[in-house]
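S.K.: Model the full structure from these sequences, guided by the hints.
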Amino acid sequence: MEIPISYYLLLSGILFTIGVVGVLTRRNAIVVFMSIELMLNAVNLTLVAFSKQFNSLDGQIFVFFVMVVAAAEVAVGLALIVAIFRLKQTVSIDKINIMKW
Amino acid sequence: MSFNLFAISPIIALALTGFLVIGLSLVFSRISKSMLLIISLLGLAASAYFSLSLWNENALAFGGMVRADNFSLVFNVIFLIGAALSMMLAFSQHEGGYLLYAEFFAITAFATVGMMLMVASSNLLVIFLGLETLSISLYILVGIKRTEEKSLEAAFKYFLLGAFASGFLLYGIAFIYGSTGSLDLQEVANFISGTSIKDNPLMILGGLLIIVGLGFKVAMFPFHMWAPDVYQGAPTPITAFMSTGSKAAGFAAMLRVLFSTTDGTVSDWVTVLWVISVLTMFFGNIVALVQKNIKRMLAYSSIAHAGYILIGIVSWNQAGASSVVFYLLSYTFMNIGAFGVIAFLSTKEKEFIELEDFKGLGFQKPVIAIVMAIFMFSLAGLPPTAGFIGKFYLFSAAVKAGQIPLVILGVVNSMISVYYYLSVVVAMFMKQSDQKWPATGLISAVSLSLLLATAGTLGLGLFPSYWIEIFQKIVVSMI
Numbered sequence: 335m336e337i338p339i340s341y342y343l344l345l346s347g348i349l350f351t352i353g354v355v356g357v358l359t360r361r362n363a364i365v366v367f368m369s370i371e372l373m374l375n376a377v378n379l380t381l382v383a384f385s386k387q388f389n390s391l392d393g394q395i396f397v398f399f400v401m402v403v404a405a406a407e408v409a410v411g412l413a414l415i416v417a418i419f420r421l422k423q424t425v426s427i428d429k430i431n432i433m434k435w
Numbered sequence: 006m007s008f009n010l011f012a013i014s015p016i017i018a019l020a021l022t023g024f025l026v027i028g029l030s031l032v033f034s035r036i037s038k039s040m041l042l043i044i045s046l047l048g049l050a051a052s053a054y055f056s057l058s059l060w061n062e063n064a065l066a067f068g069g070m071v072r073a074d075n076f077s078l079v080f081n082v083i084f085l086i087g088a089a090l091s092m093m094l095a096f097s098q099h100e101g102g103y104l105l106y107a108e109f110f111a112i113t114a115f116a117t118v119g120m121m122l123m124v125a126s127s128n129l130l131v132i133f134l135g136l137e138t139l140s141i142s143l144y145i146l147v148g149i150k151r152t153e154e155k156s157l158e159a160a161f162k163y164f165l166l167g168a169f170a171s172g173f174l175l176y177g178i179a180f181i182y183g184s185t186g187s188l189d190l191q192e193v194a195n196f197i198s199g200t201s202i203k204d205n206p207l208m209i210l211g212g213l214l215i216i217v218g219l220g221f222k223v224a225m226f227p228f229h230m231w232a233p234d235v236y237q238g239a240p241t242p243i244t245a246f247m248s249t250g251s252k253a254a255g256f257a258a259m260l261r262v263l264f265s266t267t268d269g270t271v272s273d274w275v276t277v278l279w280v281i282s283v284l285t286m287f288f289g290n291i292v293a294l295v296q297k298n299i300k301r302m303l304a305y306s307s308i309a310h311a312g313y314i315l316i317g318i319v320s321w322n323q324a325g326a327s328s329v330v331f332y333l334l335s336y337t338f339m340n341i342g343a344f345g346v347i348a349f350l351s352t353k354e355k356e357f358i359e360l361e362d363f364k365g366l367g368f369q370k371p372v373i374a375i376v377m378a379i380f381m382f383s384l385a386g387l388p389p390t391a392g393f394i395g396k397f398y399l400f401s402a403a404v405k406a407g408q409i410p411l412v413i414l415g416v417v418n419s420m421i422s423v424y425y426y427l428s429v430v431v432a433m434f435m436k437q438s439d440q441k442w443p444a445t446g447l448i449s450a451v452s453l454s455l456l457l458a459t460a461g462t463l464g465l466g467l468f469p470s471y472w473i474e475i476f477q478k479i480v481v482s483m484i
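As given, the protein sequences belong to chains A and B, one line each in that order. The numbering of the first sequence is our numbering, which starts it at 335 and goes up by one. The numbering of the second sequence is our numbering, which starts it at 6 and goes up by one.
These aren't lab readings, by the way, just hints derived from the structure by calculation. It should be emphasised that the depicted structure is a prediction, and the values quoted were computed from it without experimental measurement. Accuracy of the hints is not assured; some may be wrong.
[As the list claims (entries may be wrong)] Straight-line C-alpha distance at most 25 Å; calculated DSS-like pairs for lysine-lysine:
hint, chain 1, residue 1, chain 2, residue 2
1, B, K478, B, K436
2, B, K353, B, K155
3, B, K355, B, K150
4, A, K429, B, K297
5, B, K297, B, K478
6, B, K297, B, K150
7, B, K162, A, K429
8, B, K441, B, K364
9, B, K370, B, K297
10, B, K353, B, K405
11, B, K162, A, K422
12, B, K297, B, K405
13, B, K355, A, K422
14, A, K422, B, K155
15, B, K150, A, K422
16, B, K478, B, K370
17, A, K429, B, K155
18, B, K478, B, K353
19, B, K355, B, K436
20, B, K478, A, K429
M.R.: This is the structure in structure tokens:
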């Protein structure tokens, strides 16, 4: 039985929302970062679903690029988090806040 | 499908320069800092040469995904100017110690590659790739001083918010793909012109999400939160680079996406951008009024400038688009110049970034104070500087488009902004202080960069018509 595309879209919408809520509410930098990855993967799911619907490869190729970019972002992001942890012994977003208006 | 590497020769030249600089510093570990600068500048010049030799060619590469039309070539030159001036600023006494390694030059070149990809793309995939190349390079550059808390904190905030925003951009692209079946801007445009966009909520949502993603890069109002902290925390030459380059790239991509896919009849976009423009201008200018730190003040002013530039997009005509290009070029000169003065004055121990620090500068060092005053006048939009002409063209384009209320709000905002720009000038020339500025070397890359920025700001202000004509020609193809 064919699963209709709206199911995929609904699932990816839910995943994306979980990611956004995670970014906005969690205080640990690593968890925030994981939530961002969840958002990106929700987008990947959307792209693959559309790609299948249109019978075109564009969306699937795009997913590869998103994965590559996400990997590069992880490399830089984790390096930054490690550097901050070495300096401050914490990765809590509330404590990384010396600049304010 | 042909690859046609010639069409992306500016990008290739720049990427190779980056690798060359890193490679050289690995092989010759004692290579001098000025040597690195000279090699990088030669690479930038080569890239500019290739950009100009592609002029009027309208070359396509990778099956039309990358488009080297005159619009993207002009922006290439703007980015290269920004990168070159910022690289020279890195020779300031304050930053030189930790910035002047191969990594800085290489990553700046890679960031510029990302900007070029963004403006040269006629495909949403390439826009995303360019934006991420730019962003990831900038995360590294902002946090390059990894022993200093402020720099790291800025990089960290920029990284988290930037990745968050690119998630939205991606989701927007996915929706556009889902509603049109293509990632190619031309095909998206064909699809849109054949249907009524109002019946297609997926596409409206996609468009809005793309505006969020690009709006983050240019520091538009609801997506500006990162700008003040990042501008303040990043090393000054890098602040200069990112404030001008990524803004120019973001606006260029926005122009490309909006103008090539929709026509002005879709007035809903115009309304959305109208509101954002007004909010951005007011927010930036009003918060800038109370800033005491000049870097932070310039960050809020940069938010306000995003609002002014949006006026040009909202006018949605040829004059509007070309005035956006002109303004971004002027902004590159005057903003890098303003940060350059900070880099010029700062010594190893102390960075002169508070308004207090500038008190009485005009009496002790009149020349540098006058240079700073020129940049402040230009940012405030007073004649005879580039900032004045740029704003004049932006506003007159909006008048042509019948956006009179927007122009009035823009002028009101300009007047608000005069207060905080002139407070720097007042501090320099009308307040006394016992502060002694240490002697700074006159003949250095930093002063050369300042000289060029001053020449650009005044030159564009005094002789704008030639450039305006060119810019009007290059945007014709897009509208």
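S.K.: Now, for every hint given, state plainly whether the structure supports it.
M.R.: Outcome of the hint check:
| no. | hint | verdict |
| --- | --- | --- |
| 1 | B:K478 x B:K436 | violated (47 Å) |
| 2 | B:K353 x B:K155 | holds (17 Å) |
| 3 | B:K355 x B:K150 | holds (16 Å) |
| 4 | A:K429 x B:K297 | holds (24 Å) |
| 5 | B:K297 x B:K478 | violated (42 Å) |
| 6 | B:K297 x B:K150 | holds (24 Å) |
| 7 | B:K162 x A:K429 | holds (12 Å) |
| 8 | B:K441 x B:K364 | holds (10 Å) |
| 9 | B:K370 x B:K297 | holds (21 Å) |
| 10 | B:K353 x B:K405 | violated (51 Å) |
| 11 | B:K162 x A:K422 | holds (15 Å) |
| 12 | B:K297 x B:K405 | violated (38 Å) |
| 13 | B:K355 x A:K422 | holds (23 Å) |
| 14 | A:K422 x B:K155 | holds (12 Å) |
| 15 | B:K150 x A:K422 | holds (15 Å) |
| 16 | B:K478 x B:K370 | violated (43 Å) |
| 17 | A:K429 x B:K155 | holds (13 Å) |
| 18 | B:K478 x B:K353 | violated (47 Å) |
| 19 | B:K355 x B:K436 | holds (21 Å) |
| 20 | B:K478 x A:K429 | violated (51 Å) |
The structure fails to meet hints 1, 5, 10, 12, 16, 18, 20 from the earlier list, while all remaining hints are met.
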